[in-house]
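Colleague: Use the sequences and the hints to build the structure in full.
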Amino acid sequence: MAEVKLQKLVKKYGNVGVVHGIDLTIAHNEFVVLVGPSGCGKSTTLRMIAGLEDISGGTISIGDRVVNDLPPRSRNISMVFQNYALYPHMTVKENLGFSLKIAKQDEATIEKRVAEAAEILGLTPLLARTPGELSGGQRQRVAMGRAIVRHPDVFLFDEPLSNLDAKLRGQMRVEIKKLHQKVKTTIVYVTHDQVEAMTLADRIVIMKDGHIEQVGTPAEVFEQPKNTFVATFIGSPPMNLLDATTATEGGRKVAKLADGVTLALPAAAADKVSDGQAITVGFRAEAFSPVGYGLTGDSEVAAIERTVTLPEPLGTETLLYTELGGKEVQGKMLNPRPVQPGEQLTFNLDLSRLHVFDKASGKSVLV
Amino acid sequence: MRFFRSRLSPPILLLMPAFVIIALVVALPLLFSLYTSFTGYRLVQPASLWQWVGWRNYQRLLTDVDFWWAFGRTLVFLTIALNLELVLGLGIALLIDKLTAGQRIIRTIMMFPMMFSPILVGFQFKYIFNDNVGLVNNAIQSLGWSDVTIPWLVNPVTANLAILMAEVWMSTPIFAILLLAGLMAMPRDPIEAAKVDGCNPWQVFRHITLPYLMPFVYIAMAIRSLDVARAYDMVKIMTNGGPAGRTELLWTLIARTGYQDARMGMANAMSYASILLSVYFTVYFFRKLAAARRTMGGVA
Ligand SMILES: Nc1ncnc2c1ncn2[C@@H]1O[C@H](COP(=O)(O)OP(=O)(O)O)[C@@H](O)[C@H]1O
Ligand SMILES: [Mg+2]
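As they're listed, the protein sequences go chains A and B.
Note that the working numbering gives residue 351 to position 351 of the first sequence, counting from 1, and the numbers run on in steps of one.
Note that the working numbering gives residue 1005 to position 5 of the second sequence, counting from 1, and the numbers run on in steps of one.
None of these hints come from the bench; they were simulated from the model.
Note that the Cβ used here is the ideal one computed from N, Cα and C, for glycine as well.
Any given hint could turn out to be false.
[To be verified] Label-pair distances were calculated between CB atoms; the ranges are: (1) 107/A to 1009/B: 58 to 68 Å; (2) 69/A to 1143/B: 39 to 49 Å; (3) 1072/B to 13/A: 55 to 65 Å.
[Claimed, not checked] A few chain A residues that don't get close to chain B, going by computed Cβ distances all over 10 Å: (4) 59; (5) 163; (6) 271.
Modeller: This is the structure in structure tokens:
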């Protein structure tokens, strides 16, 4: 059983805090993705779990051991580095078997485990080559193979796909997902790419400036973002956010946008705001579609007539840029017909999918 | 331009001056010395230059005990000196690489011995090991460890050790600086990967750092095997091959034979016999270097 537990984990370089006391429990066999913008402390956190960085405060435990002062070799973890970090002077086979050799396993075991890992990752034909003779994707697979031969308690991945081109990245993403299904093990995976996070994770940890902003399943962080940062960081295109003021009209709480449009707030949000409160309303492009091209179901909608400034056809859908509340917003047209810039369309905004954030704190009033 | 028109192609034409100069300053003297090794050439009898003796010089060499002693001593001297310099240089490089402050200044200071002329180093160590006014004996006596005057440069064993020490003092920085360059250029990632893979610090060094440094070791070895003849100066100054030829190295023996005994033909024959040694070492290290560079995937 390898549960990973971070308690009040702090990292400082001199006086500069980089990780500010984060708490996180990663369950046995769980695939957790740390995601956040560059420089937010993801790698630092991962490297502290690995033992490659000293920790300035708090505790890290793996299984039921506190590992704060254990060197990396005593933590039974494996790590896949962004730049692969293969041993250049060893063949693929030697790279894969290195950790077992260091652990003084006998030849037969090494042979067997290396063959297993090579088989899983399709490296069998490459075993005799050196890293210099491999392509980027192949090196990436060797790095992963080196991690899995050890049967570690925890896998740590630091942006393993960021050096690959888009197509290969997609393929490797699928392979990592399959790998996790095959070799059930706890995985902590770092990336700055929210798509990777959404597709791979059992749970996503969204970080910013050394703090955790939200922890949740991909569906949770997508549908119930705790604050405006998560709302814009997760999902593509990012959530539309508009400043508004609350009021009561006809017995209902509404949000008044800067351009005078009023939107009825969902019932769940209505009792959490007071009249005259400055709020930010948010909605995703999926909840804002031209009539007849998207929204189904019978939730309450607001019909809004707008001019399309720019259509962006993506094949099965078209992103429509228009204006609302004095800001540019994006809507989505499913099964689209051709749209010209400047065309007038009536959009339906699904009011049940409105997010309401307190403007001052940026926090959602819903969760 | 028609005046200069030639049937030779431009590349050959352009390289011609270099060829001519090399022929004049390298190839001709080399051929000449090779020729003299087959003559009974004595510096003081120019006419002996034409006295062709065939393989006689070489035949005599084969049975010349002094020559083979010097040959063997040189081989042992080189083996010990180069390995000692390697180990010390590696140690120094590893220590300096760990420094976080003052690295530049230490690096510069470390290179001082390389800046001295070998003759000066020879004089310095001759003074240090002098039996009457030397630093070492003085220290031993002042500290009260012993009041005997130890004749460092007269006893054959200690004389050889003293020369070895001077040589190591002068040339260790070459290893240190080259290996330090290697360490500083080394990527951190494989080291961290090895730590995660279960290596203790010694295993990291043994399996990752050292293989990575091997090309640099071979470069240093190749450079040293080319300039190792500088040791001539120090032997010449410190002991002049004595006592009774017990510190004679090939270079001092050859110089003595050629200039003091004026047997230039013989001296050249010795040179050609011993040059094989040099060529062997240099080729060996270059081979190793090429192989190491191949396996390091061109990182070095
Ligand atoms: N060795 C270091 N010394 C000082 N600051 C560092 C060091 N390593 C990282 N940092 C800082 O810590 C912050 C977090 O870095 P990192 O964890 O690498 O971010 P990321 O989330 O992009 O992986 C960055 O602002 C970075 O500048
Ligand atoms: Mg990073």
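Colleague: All the hints need checking, so say for each whether the structure fits it.
Modeller: Hint check results:
no., hint, verdict
1, 107/A to 1009/B: 58 to 68 Å, "59 Å, holds"
2, 69/A to 1143/B: 39 to 49 Å, "44 Å, holds"
3, 1072/B to 13/A: 55 to 65 Å, "58 Å, holds"
4, 59, "20 Å, holds"
5, 163, "12 Å, holds"
6, 271, "52 Å, holds"
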